[in-house]
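**Q** Chain by chain, the residues:
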Amino acid sequence: MNTVVLESSQYVPLRPKRLGFYKQTFGKRGCIMDKMFLAQGDMVGVSFWLVSIAMVASTVFFLYEGLRVKPQWRLSLLVAGLVTLVAGVHYDYMRDFWVVNQSTPIDYRYIDWLITVPLLMIEFFIILRAVGGAVGAGSFMRLLVGTLVMLVFGYAGEAGLMDYWVGFGLGMIGWAVIIYEIYGGEAGKAAAASSESVQSAFNAMRWIVLVGWAIYPIGYVALSMGGGENGLNIIYNLADFVNKILFGLIIWNLAVKDSG
Amino acid sequence: MNTVVLESSQYVPLRPKRLGFYKQTFGKRGCIMDKMFLAQGDMVGVSFWLVSIAMVASTVFFLYEGLRVKPQWRLSLLVAGLVTLVAGVHYDYMRDFWVVNQSTPIDYRYIDWLITVPLLMIEFFIILRAVGGAVGAGSFMRLLVGTLVMLVFGYAGEAGLMDYWVGFGLGMIGWAVIIYEIYGGEAGKAAAASSESVQSAFNAMRWIVLVGWAIYPIGYVALSMGGGENGLNIIYNLADFVNKILFGLIIWNLAVKDSG
Amino acid sequence: MNTVVLESSQYVPLRPKRLGFYKQTFGKRGCIMDKMFLAQGDMVGVSFWLVSIAMVASTVFFLYEGLRVKPQWRLSLLVAGLVTLVAGVHYDYMRDFWVVNQSTPIDYRYIDWLITVPLLMIEFFIILRAVGGAVGAGSFMRLLVGTLVMLVFGYAGEAGLMDYWVGFGLGMIGWAVIIYEIYGGEAGKAAAASSESVQSAFNAMRWIVLVGWAIYPIGYVALSMGGGENGLNIIYNLADFVNKILFGLIIWNLAVKDSG
Amino acid sequence: MNTVVLESSQYVPLRPKRLGFYKQTFGKRGCIMDKMFLAQGDMVGVSFWLVSIAMVASTVFFLYEGLRVKPQWRLSLLVAGLVTLVAGVHYDYMRDFWVVNQSTPIDYRYIDWLITVPLLMIEFFIILRAVGGAVGAGSFMRLLVGTLVMLVFGYAGEAGLMDYWVGFGLGMIGWAVIIYEIYGGEAGKAAAASSESVQSAFNAMRWIVLVGWAIYPIGYVALSMGGGENGLNIIYNLADFVNKILFGLIIWNLAVKDSG
Amino acid sequence: MNTVVLESSQYVPLRPKRLGFYKQTFGKRGCIMDKMFLAQGDMVGVSFWLVSIAMVASTVFFLYEGLRVKPQWRLSLLVAGLVTLVAGVHYDYMRDFWVVNQSTPIDYRYIDWLITVPLLMIEFFIILRAVGGAVGAGSFMRLLVGTLVMLVFGYAGEAGLMDYWVGFGLGMIGWAVIIYEIYGGEAGKAAAASSESVQSAFNAMRWIVLVGWAIYPIGYVALSMGGGENGLNIIYNLADFVNKILFGLIIWNLAVKDSG
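Chains as they are written, first to last, in this note's numbering: chain D, 323 to 582; chain W, 323 to 582; chain L, 323 to 582; chain G, 323 to 582; chain Z, 323 to 582.
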């Protein structure tokens, strides 16, 4: 007789810890599939799902509408569509990451922001230019540097590469630079000298950066205040919804009105 | 000798309960694939399948036709296409969920409705505006609130977070608000003052909300009356087909006639 | 010592019955993949494959060409493209179903026909209208009813829900209704009163329904005459190729000539 | 005690024969994925890969450029794009077939040619017509018959359904018919009577059929001359690259010049 | 009693070497999926990810913008889009290759360059022609030969088919040929005789080839200088980002200005 030895390091110990999930993924019939089902009652997973689908629909929306607006708005809607396209890919991964691991996909979040936040900064300038505002390269550089400072230190704090609150504080400084620039700095002044429709659009966008972006630090703080990973992710998902989709819709609304 | 112990918690006990399904998925040849086949005679699965493919075809239809209608109708067809696009993604998941689990994908249903029903409310307003009707923000808010009440309490009742019939009753109130608004309220009056073509379109859409949406509570009630999960899902699938695809086709028909 | 008991109901007995297939799917290198390879010499599988790829190419063809024809033909080509799109999805599933199970995917065939055959009936009317013919709603209803009778009883007979030949006979009646309607009925008369180009197009389409559709009952009968599942599926695949792709090409040819 | 018996027929004996490949597919970390990686140094696999990606890029290229050329060239570029689309799907399968099995995907090659070679014959006629040449249906039939003879006997010889060299010889006859037709037959004469630009285009296409297609029999012969499956597949891949992509680029070049 | 012998050659020894990764891929819940998650802190993986997503977004960007620029720029943007499309497919594979194997995907890198670098050379000529410059076929051949020499010897050196530094040196010669041609050769002279806007564009592109392409040999050298595979891949990824995406953006900027 010759019995096999399967040491625990030699097979994949597929232990379905949460039976509810197990049943949903492998089913009563025991099949393997490439769709990760949400466990029932996983409200954080639901928020990931909602945002991921909304990103897909928004991408189609912005690219489709971009074909009909006036030429100077076309690029703005394309960039809005690229922001939601990139975010859609990341949310697809983040959602499944959450379903499988039930933990925060920190890396994917910051990778996403590293691409989409500079795109949003670029969007600002395209719009200012679309409506005739004049802003210099210096203003653009300050916004970009502010953005990078905000993201790099935020990541360092969350990933544990740096003290949690020091990372938070340094990241906040980056955000403050952006807010100063768009309210009091060169970009703000350029907008103030523009036509009424530009000003209302610029004001709306400023509000997004001031109020919409404020949702991120709330999530950051909420985690340490006992909100846990659940709270953090629901807040971050809401923030991405506001700052990518609603932001894009504001631009779209301005574009359609102006293309009238 | 050193025999391995594979406790039942250490491997995936792939028990093909229903042999018919098993054979179809893994086949006579025992391979693993990423397509979930319907078990023969699974009529509920067939209804999921039909609606999921119809959503895909409808999305292509609405987006393709949207490119040729008059500008003011383009947005209506785009929104109709987004509704079926979003529903198509959810039906793809719900279909496989049903095939694997043979149980109701409650969460996916309500997630889908949470996105698509507000889109349908928005559609109402786009069309009223496309044909020149004037409706205020108050009317829009009432419709949106009615929608949310309808969905939130419906979910609470079905998911067992609340008494089944209390959830049903509260959800019905939300629906009643919508029906009142579009028949007797501000939106209804705005339409009544419009041209003949607007009125016939608005009437058709009202019928959808009155009659088409009535299919959902029928499903809800049927479940408790002994219709079981099979009845519930067939009725819900029919309702989505009517309220998303047929609704979109009514809009398309109006758009094509008006673009003539 | 504690040896594990893996009862045969607890694991997936992956028995590669046909070694040739086994080798092709899992390869000499034993990897798991999501592509199902045809076993060499599986001519039925080849016919599924051919039709599935042809459907994809046809869909691109019809949607691409639809963008350049005269407005009244655009919708016809879109519907032709939707027919091949829907069939393409089903053939993708049916092909893999055949590769895995080596048996007839009855359910998928009838699901496909339940969507595409009514679309073809609608196509008839769009074309008659595109070329100016006048047909009433009664004619349309008769065609639709004939279609449903044909499909429902055909399915009942093949799936064993009804006597094989009774199902066949009743399905034939549905087909006869359609043929009568387009040759002698209102639709036929409407076409007869049209211009020459309409008549030649209508004649071509009638031939498709008379001759092309006759391939289906031949397959049905062939099965019982000893042709087996192989014969049945090759004949059905040929029929779908003729009645979806060639039918669409006739419409395309008419559209291009008329758009000249 | 109750030890399980897993007879060798009851599990999938996943034997990683070539360790290099094994490591690349399952990785150092032992995960299962749906991407088949090329084993390092697998030059035949590299040639499959190159052609599969080139087909994808060519498809996008032809369909994108088809939108801007003169109407009579649009169809030519669409057909060129369909040829590479169909070939792209087949190369995707053939590449993975090679990676997994390290043997010739004969069936997929001939399925591909059964669709794409007739499409190339059709392309010939579309171009002749686009530039005003007049060719009869008889010429078209001769080309189609020549094509089928070439493919059917080639397959019979390679798949072992017929003596290797008899299949080769009969297939060569089919090719000879095509060459005769386009050089000395009706199609050739029609082109000779056309304008200069047609003639240069037609000459280029004739060269493709004479020289480019000659690569296939070289591969066929090379196999038996000791070139083995490696030689055969590299030569066939080169031939498909020349006869599908370069052929399409010749058409595109003519179309762009003529649309100038 | 009859105990099974599973020799180590008969099963897949799925050994999760790095537990962190294991947990992320199979999750706490033990499911199999087709998404490969980055292990946290895998900065090389992050760089692969960033470039792969950026390639997707760039492809959409170039193809979308190509539809609106002046006809002579359309082809340039299409080629820029094809470069990022091809690179996007390869980065998708290279990223997962890295995640699974944590080693350099040499083969995929050179396959990618074998397609995209000649496309970039073609891009040069399209642009020169778009702005009216006249360059001969001889110049084009020299650039193409230089490209091939650069790639073939680079691969030979990296894949160990040739002495590391001999391969490096010979590859450098190919690059030198290209630089000579575009600075002092025929192509350079053709550009010098062009309008101002052509010259500024040509200068920018020359800088890309001189400075951007210099990043590749830096990576090559860095590997042997102790930078290891991590350094090599981060540098190569940066180089591809600069030479494909930024290069494309320069072309786009020129196209938009000229179409203005």
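One or more of the hints may lead you astray.
Any copy, or any two copies together, can satisfy a pair, since identical chains are not distinguished.
Here are the simulated DSS-like cross-link-like pairs (lysine-lysine), alpha carbons at most 30 Å apart as the crow flies [as the list claims (entries may be wrong)]:
(1) Lys357 / Lys392
(2) Lys357 / Lys579
(3) Lys357 / Lys511
(4) Lys392 / Lys579
(5) Lys392 / Lys511
(6) Lys579 / Lys511
Since the hints were made in silico from the structure, they are not lab data.
**Q** Each hint: holds or not?
**A** Status of the hints after comparison with the structure:
1. Lys357 / Lys392: neither (41 Å within a copy, 40 Å between copies)
2. Lys357 / Lys579: neither (41 Å within a copy, 42 Å between copies)
3. Lys357 / Lys511: This pair counts as neither: shortest intra-copy Cα distance 50 Å, inter-copy 47 Å.
4. Lys392 / Lys579: both (10 Å within a copy, 17 Å between copies)
5. Lys392 / Lys511: Cα proximity of Lys392 and Lys511: one copy only (25 Å, versus 34 Å across).
6. Lys579 / Lys511: Intra 24 Å, inter 26 Å, cutoff 30 Å: intra and inter.
Of the numbered hints stated above, those contradicted by the structure are hints 1, 2, 3, listed in ascending order.
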